[in-house]
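Residue numbers (numbering that gives the first Met the number 0), protein chains in the order written: chain A, 0 to 122; chain B, 0 to 295; chain C, 0 to 216.
It is worth saying that the hints were derived from the structure and are not from the lab.
Hints should not be assumed to be uniformly reliable.
[What the hints assert, rightly or not] Only pairs whose alpha carbons sit at most 27 Å apart, straight line, appear in this in silico DSSO-like list of lysine-lysine:
| id | chain 1 | residue 1 | chain 2 | residue 2 |
| --- | --- | --- | --- | --- |
| 1 | B | Lys-122 | C | Lys-195 |
| 2 | B | Lys-228 | B | Lys-265 |
| 3 | C | Lys-2 | B | Lys-127 |
| 4 | C | Lys-6 | B | Lys-130 |
| 5 | B | Lys-265 | B | Lys-279 |
| 6 | B | Lys-279 | B | Lys-294 |
| 7 | B | Lys-124 | C | Lys-10 |
| 8 | C | Lys-77 | C | Lys-6 |
| 9 | B | Lys-228 | B | Lys-242 |
| 10 | B | Lys-242 | A | Lys-100 |
| 11 | B | Lys-255 | B | Lys-291 |
| 12 | B | Lys-294 | B | Lys-240 |
| 13 | C | Lys-57 | B | Lys-124 |
| 14 | B | Lys-255 | A | Lys-53 |
| 15 | C | Lys-6 | B | Lys-127 |
| 16 | C | Lys-74 | B | Lys-66 |
| 17 | C | Lys-133 | C | Lys-74 |
| 18 | B | Lys-240 | B | Lys-279 |
| 19 | B | Lys-294 | B | Lys-282 |
| 20 | B | Lys-66 | C | Lys-78 |
| 21 | B | Lys-130 | B | Lys-160 |
| 22 | C | Lys-74 | C | Lys-2 |
| 23 | B | Lys-228 | A | Lys-100 |
| 24 | B | Lys-66 | C | Lys-77 |
| 25 | B | Lys-294 | B | Lys-27 |
| 26 | B | Lys-121 | C | Lys-74 |
| 27 | C | Lys-2 | B | Lys-122 |
| 28 | A | Lys-1 | A | Lys-61 |
| 29 | B | Lys-130 | C | Lys-57 |
| 30 | B | Lys-126 | C | Lys-2 |
| 31 | B | Lys-291 | B | Lys-279 |
| 32 | B | Lys-228 | B | Lys-255 |
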Amino acid sequence: MKIVISTTVNMPIYEQIVNQIRDAVIRGELSAGEGMPSIRVLAKDLAVSVITTKRAYEELEKEGVIESVPGRGFYVCEQKNDHLREKQMMNIESRMSDLLKECENAGMTLDDVVDMVRVLGEK
Amino acid sequence: MLQVWNLDKKLSENHTFHLENISFHIPKGYICGLIGENGAGKTTLMRVLMGLYHASGNIVIDGHDLKLDEAAAKESLGLVFEEGFFQGEMSLEQIGIFYGQLYRRFEMEIYLSYLEQFGLDKKQKYKKLSKGMKTKTQFAFALSHDAKLFLLDEPTAGLDKHFREEFLRICAKLVSDGERSVLISSHITEDLDRIADYIAYMQDGKLLFFLPKDELCEQFWIATGEDYKCGLIPEEAVVYKEKNPYSTSVMVANRKRFPMDEALEKHTPDIREFMHYFVKGGKQNAETVAEKYLKK
Amino acid sequence: MPKLLQKSILKSSVISFLFALSAFVYLCIFERNTYCFFNSAIAVFYSPELAATLFLFKLPDYMYVAPYSENQREKLLKKGQTYKFLSIYAWIIVLVLLPVTFMKCRGGSTEDAVLCLTEIILSTSILYTNAFLKFIGQTDIVKMVVIVFARAIVIFIFAGCMDLGNVTGAEKTIELIMIAIIAVFSIFLVVYCRLKYYDMMINCMADYEYVHRNKKK
Chain A
0 MKIVISTTVN
10 MPIYEQIVNQ
20 IRDAVIRGEL
30 SAGEGMPSIR
40 VLAKDLAVSV
50 ITTKRAYEEL
60 EKEGVIESVP
70 GRGFYVCEQK
80 NDHLREKQMM
90 NIESRMSDLL
100 KECENAGMTL
110 DDVVDMVRVL
120 GEK
Chain B
0 MLQVWNLDKK
10 LSENHTFHLE
20 NISFHIPKGY
30 ICGLIGENGA
40 GKTTLMRVLM
50 GLYHASGNIV
60 IDGHDLKLDE
70 AAAKESLGLV
80 FEEGFFQGEM
90 SLEQIGIFYG
100 QLYRRFEMEI
110 YLSYLEQFGL
120 DKKQKYKKLS
130 KGMKTKTQFA
140 FALSHDAKLF
150 LLDEPTAGLD
160 KHFREEFLRI
170 CAKLVSDGER
180 SVLISSHITE
190 DLDRIADYIA
200 YMQDGKLLFF
210 LPKDELCEQF
220 WIATGEDYKC
230 GLIPEEAVVY
240 KEKNPYSTSV
250 MVANRKRFPM
260 DEALEKHTPD
270 IREFMHYFVK
280 GGKQNAETVA
290 EKYLKK
Chain C
0 MPKLLQKSIL
10 KSSVISFLFA
20 LSAFVYLCIF
30 ERNTYCFFNS
40 AIAVFYSPEL
50 AATLFLFKLP
60 DYMYVAPYSE
70 NQREKLLKKG
80 QTYKFLSIYA
90 WIIVLVLLPV
100 TFMKCRGGST
110 EDAVLCLTEI
120 ILSTSILYTN
130 AFLKFIGQTD
140 IVKMVVIVFA
150 RAIVIFIFAG
160 CMDLGNVTGA
170 EKTIELIMIA
180 IIAVFSIFLV
190 VYCRLKYYDM
200 MINCMADYEY
210 VHRNKKK
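Looking at chain A on its own, in the form it has when it is part of the complex:
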């Protein structure tokens, strides 16, 4: 599993971690029952504060992506794929609407946007 933190992007770090782990689970990179690094180990590996990874894990637990087993650590849950997919879609939707707002400000019409997406997507 690879997690990349960007300090320049506006998204809080814990959110970046949550998204990337969620995506990894959906992609199948992390399988159900697989063990996650401990909060502290993850904090060390990413060079972020402990409360950040703790928060990320709490969010993921809330979403049902991972679960904590007392005394043993965190494990990836059996996934109801729809539920996860839904969250993933919500995320993308929110980022897309921010982007669309920007496009609107730039004076692009919906067609302009669709054209741009097509051109970029075909690369």
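Since the structure of chain A is provided, determine the placement of chains B and C on it from the hints.
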């Protein structure tokens, strides 16, 4: 790991050193960022924690009282601070030999490997080094005697981004076993955004607040938009309003209670933004805001 | 004792020794009296040595953050100060042991021996109490002035007694009494400083804030 109760330092004749009723507690395995304007007393506080200055109150480091069990407490301290106190005439290797001997758990091999990792020549004389390299030397030394509490005063000032990244990695690694803690006094708030678990803010010798970083920042919104819309925000919630050429920005406190107009763009402040508005709002205002919303 | 401190004490002692040695060389060249190599007046007015004795042994700054308690720092300061004292007096000790001095003192009359001995006591007292002057001045400026003044008077009286070998009768008796008083006073001064101020002074030196209080941040 570090417990401070009712630290008081009376004004001295030249009125430069002054601390008032400071209490906080950094648990084992966490990193605390100490912020505040110049002259707020951050350096004085660090000096007191290092055992250089006297103050009334209690300081307990790794279970040892700094006054009653001075030697044992200082054994657990890893330090980086401006003067450094290393004799300039010595080479870095000699510094390891002479100063390392003062600590029970100092290991020369670890020290030398850090020197190498930081790109320092062990045969160089300390006084010939640039300020940044002196800081690196101090850091290498602090990491080499199994310290439990690290007091770092502006450890990355004047150092390039590459080393700052390395520094952050080392700090995160230090606390990863849950046994060590770090207190960093720094102006480089981006670093603190990333690795600080707690934030302590000082003003005029007082500790205005000591909170987990997320709890602090998520008390506030930075709302940006039309001046008129910003003006509609209730006065009591406004920390500071800043008129810019193209828009107005407001930092709003206690955000859970005050719903925001949809038209305003809002985001959670990072530490730099928080400090900017907090300081601009004035000292009295800062104390009020801290008292109302930032006390546990 | 840690190597760092050994280095520091060695440096301090060598500097003191060299100053004291230079005073000795100076004395030998300009020696004016026939009974002894020592000359309190010159010792008092020979500034470099005087200056050297005014400064106490100081701990390296790092010792204030290193794992030592205040008690331990005090003990180390006392050790360092002792070595520094010894190196200042080294020349006296060496000379006293030199056969040349011995012969000179022995070859002279009793009066010469008395003057010689008194002068050693007086010089030692001046050099020793110099170390306390700065500290006493900080706690009680009046006392410091009194001590310096008294010392100066004592030196002049002693200078006046140097013709001991040439006087007789009542004058000689008076001079002998003066010399006795000078010797007693010198010893008294040493004991007074040692008992009253030494521990206090060392205690202050073990405190970083005290040592650096006059330096601007």
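Going down the list of hints, with the structure as the test:
1. B:Lys-122 to C:Lys-195: violated, 47 Å
2. B:Lys-228 to B:Lys-265: OK: Lys-228 (chain B) and Lys-265 (chain B) at ~12 Å, within 27 Å.
3. C:Lys-2 to B:Lys-127: Distance of about 23 Å is within 27 Å: holds.
4. C:Lys-6 to B:Lys-130: holds, 25 Å
5. B:Lys-265 to B:Lys-279: holds, 19 Å
6. B:Lys-279 to B:Lys-294: holds, 20 Å
7. B:Lys-124 to C:Lys-10: holds, 19 Å
8. C:Lys-77 to C:Lys-6: holds, 16 Å
9. B:Lys-228 to B:Lys-242: holds, 12 Å
10. B:Lys-242 to A:Lys-100: The given pair, whose Cα atoms are some 24 Å apart, holds under the 27 Å limit.
11. B:Lys-255 to B:Lys-291: Holds, at about 14 Å.
12. B:Lys-294 to B:Lys-240: holds, 23 Å
13. C:Lys-57 to B:Lys-124: Between Lys-57 (chain C) and Lys-124 (chain B) the Cα gap is close to 23 Å, so the pair holds against 27 Å.
14. B:Lys-255 to A:Lys-53: Holds, at roughly 22 Å.
15. C:Lys-6 to B:Lys-127: holds, 21 Å
16. C:Lys-74 to B:Lys-66: Holds, because 18 Å separates the two Cα atoms, which is no more than 27 Å.
17. C:Lys-133 to C:Lys-74: holds, 21 Å
18. B:Lys-240 to B:Lys-279: holds, 9 Å
19. B:Lys-294 to B:Lys-282: holds, 17 Å
20. B:Lys-66 to C:Lys-78: This hinted pair holds, its Cα atoms lying about 23 Å apart.
21. B:Lys-130 to B:Lys-160: Roughly 16 Å separates the two Cα atoms, so the pair holds.
22. C:Lys-74 to C:Lys-2: holds, 16 Å
23. B:Lys-228 to A:Lys-100: holds, 20 Å
24. B:Lys-66 to C:Lys-77: holds, 21 Å
25. B:Lys-294 to B:Lys-27: holds, 21 Å
26. B:Lys-121 to C:Lys-74: violated, 33 Å
27. C:Lys-2 to B:Lys-122: holds, 19 Å
28. A:Lys-1 to A:Lys-61: Holds, at roughly 22 Å.
29. B:Lys-130 to C:Lys-57: holds, 26 Å
30. B:Lys-126 to C:Lys-2: At roughly 20 Å apart (the allowed maximum being 27 Å), Lys-2 (chain C) and Lys-126 (chain B) satisfy the hint.
31. B:Lys-291 to B:Lys-279: holds, 18 Å
32. B:Lys-228 to B:Lys-255: holds, 19 Å
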